[in-house]
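Listed here are the chains, written in short residue letters.
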Amino acid sequence: MKPILSVKDVKKIYGNGTYALRGVSFDIYEGEFVAIIGSSGSGKSTLLRCINQLIKPTQGSIVFKGTAVEKVNKCELRKIRREIGMIFQHYNLIDRLTVIQNVLHGRLGYMSDFHGIFDLYSKEDRWNAYRILERVGLEKEIHKRADQLSGGQKQRVGIARALAQNPSLMLADEPIASLDPVTSGAVMDYLYRICREDKISAIVSLHQVDFALKYATRIIGIKHGLIVFDGKPKELTDSIIDQIYVQGKDEFAKNELKLQRAIAI
Amino acid sequence: MNTTGKISIISEKQRVLYTLLFIGTLVLYFFSLYQLKLEFKGGWENVLKALSFAKRMLLHMDLSDWKDVLTAAMESISIAVLATIISATLAFFVSFAAASNVSLRVVSNLCKAVAAVVRAVPTLIWTLIFVAYLGLGPFPGVLGLFFHSFAYLVKAFSQSIEEVKEGNIEALKATGASWVQTMAKGVYPPITTAVISWTALRFEFNLGMSSILGFVGAGGIGMELSNTMRIFDFEKAGFVVLIIFLMSFSVEMLFHKLKLNVDKCIVKDSSNS
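If you're matching them up, the sequences are chains A and B in order. Just so you know, we're using this note's numbering here: the first sequence kicks off at 854 and counts up by one. Just so you know, we're using this note's numbering here: the second sequence kicks off at 57 and counts up by one.
The set of hints was computed from the structure by calculation and includes no laboratory data. Treat each hint with caution, since some may be false.
Unchecked claim - DSS-like cross-link-like pairs, simulated, lysine-lysine; straight-line CA separation at most 25 Å:
id, chain 1, residue 1, chain 2, residue 2
1, A, Lys909, B, Lys221
2, A, Lys918, A, Lys1067
3, A, Lys864, A, Lys909
4, A, Lys909, A, Lys927
5, A, Lys1087, A, Lys1052
6, B, Lys69, B, Lys211
7, B, Lys315, A, Lys997
8, B, Lys221, A, Lys997
9, A, Lys1052, A, Lys1067
10, A, Lys927, B, Lys221
11, A, Lys932, A, Lys976
12, A, Lys1052, A, Lys855
Being a predicted model, the structure only gives us computed values, none of them experimental.
Just chain A, same shape as in the assembly:
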């Protein structure tokens, strides 16, 4: 089986000399639901943003469905991006616009500049957006302004916007890091179910090991810009969690993570 996404030896050095990624390689296959775990500053966000070129990697190759994304021109990049949905920690909705307007932004990649600017979404796109909102349980809120929603609702709109793109790959950058535990569970349920139903591969960066263990079909652990673990959830042992997260100082955090794991398994 050919991978849908192939990341090879990707490095990213920021202008200030920070090494965010020091050579990361992995393949993603269709239907995988991959969780990327690692502490803050380990390079999770940079990695996800390199995949759809929101950040240009310094070195390495990223091949999405047979196309090298770092080599394409602007027009082709749009075509690649519209096939990769993205969900953000801070939702990144346009606050002053309505829910359905936000969802329809997912269609912009398929439209001309003129049609995009003047909101000339097709009837089909509009109905499609409505159906997607039904799937995330927000069909009653379509005309609410995005800034009037709760955090969990906002993230569901975020999922809906990504889904409107009709993506074959979903990138989620800490989708539940700003939510309370109960809402987090609900949002992860939506994300997981939708990716399963629509056969969308997903790469989700997570802070919480318990959520990674519950949903992921595969877990990648990152530390200091390097992959230190790549395998099935059940292969993730306590000592590996230690290695990914803590540098021997924070005993409390370490124990907390082990406890989470014990509860999850």
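For this one, chain A is given, so just place chain B on it according to the hints.
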């Protein structure tokens, strides 16, 4: 720890800074006073004289030229309206090129530098230049107002654009939206109220400006004022001043009612993010 004695609530550095600032202001004040050699010449006689002018302007107002004055007032308003609409429209588009977060650095710096240079020349000077080139009349007035207000609005609008959350731009880009679409859907919505408020503020300023542009020969109600003052016809000048006051005041009241207030929208924006 020693619990007696006083605890200062500002640092030593701040205290020194404030003291220096205060002394500096005082020095500047007396220096300027000395430089201008201002003194209270003439005593009460001059005060009474000034009062008598005011009395002539306000109590013996001469309304006989009302048609000319009102026509000139309309001209002033039209100058301000034209200059504001043209400059705001152009500034809106240019501000996207001038905003550092959505434009190339070279382009952004260039736009900002040009705007800063244009802004450094006051409106009256711009108008004087155009009057010299194009002759008397409202057209150089429109041009003069346009230049300064364009440069001012480019700065104001591009600052609003720079305050837009990075996440908005990121999210739109990630959907495959083009640059223009990203601007229209991710950047324009959050800055709409700021753009309208800045334009309204600038219109108030342009209106005030357009009523004195006549002094340098650019038409409008300022011309009437300058003509009447020149021949010490304070009775007629009084009426012109009244009209100028009503013009500015009514616009300010109108915008206040419409809640077009720059301060308010800035506060609102920062609370959102």
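Status of each hint after checking the structure:
For the suggested pair lysine 909 of chain A and lysine 221 of chain B, the alpha carbons sit about 20 Å apart, so the restraint of at most 25 Å is met. Among the hinted pairs, lysine 918 of chain A with lysine 1067 of chain A is inconsistent with the structure: their alpha-carbon atoms are about 28 Å apart, more than 25 Å. Note on lysine 864 of chain A and lysine 909 of chain A: the hinted pairing holds, with a Cα-Cα distance of about 10 Å set against a maximum of 25 Å. Of the pairs offered as hints, the one joining lysine 909 of chain A and lysine 927 of chain A holds, with about 13 Å between alpha carbons and a cut-off of 25 Å not exceeded.
As the CA atoms of lysine 1087 of chain A and lysine 1052 of chain A are separated by approximately 23 Å, the hinted pair is consistent with the 25 Å bound. Between the alpha carbons of lysine 69 of chain B and lysine 211 of chain B the distance comes to roughly 33 Å, so the proposed pair goes past 25 Å and is violated. Only pairs whose Cα atoms come within 25 Å are accepted, and lysine 315 of chain B paired with lysine 997 of chain A is accepted, the gap being roughly 23 Å. For the suggested pair lysine 221 of chain B and lysine 997 of chain A, the alpha carbons sit about 21 Å apart, so the restraint of at most 25 Å is met.
Simply put, lysine 1052 of chain A and lysine 1067 of chain A have alpha-carbon atoms about 19 Å apart, close enough for the 25 Å limit, and the pair holds. Of the supplied pair hints, the one linking lysine 927 of chain A and lysine 221 of chain B holds, its CA atoms being roughly 23 Å apart against a limit of 25 Å. For the proposed pair lysine 932 of chain A and lysine 976 of chain A, the alpha carbon gap of about 22 Å is at most 25 Å, so the pair holds. Taken as a hint, the lysine 1052 of chain A and lysine 855 of chain A pair is honoured in the structure, with Cα atoms around 15 Å apart against an allowance of 25 Å.
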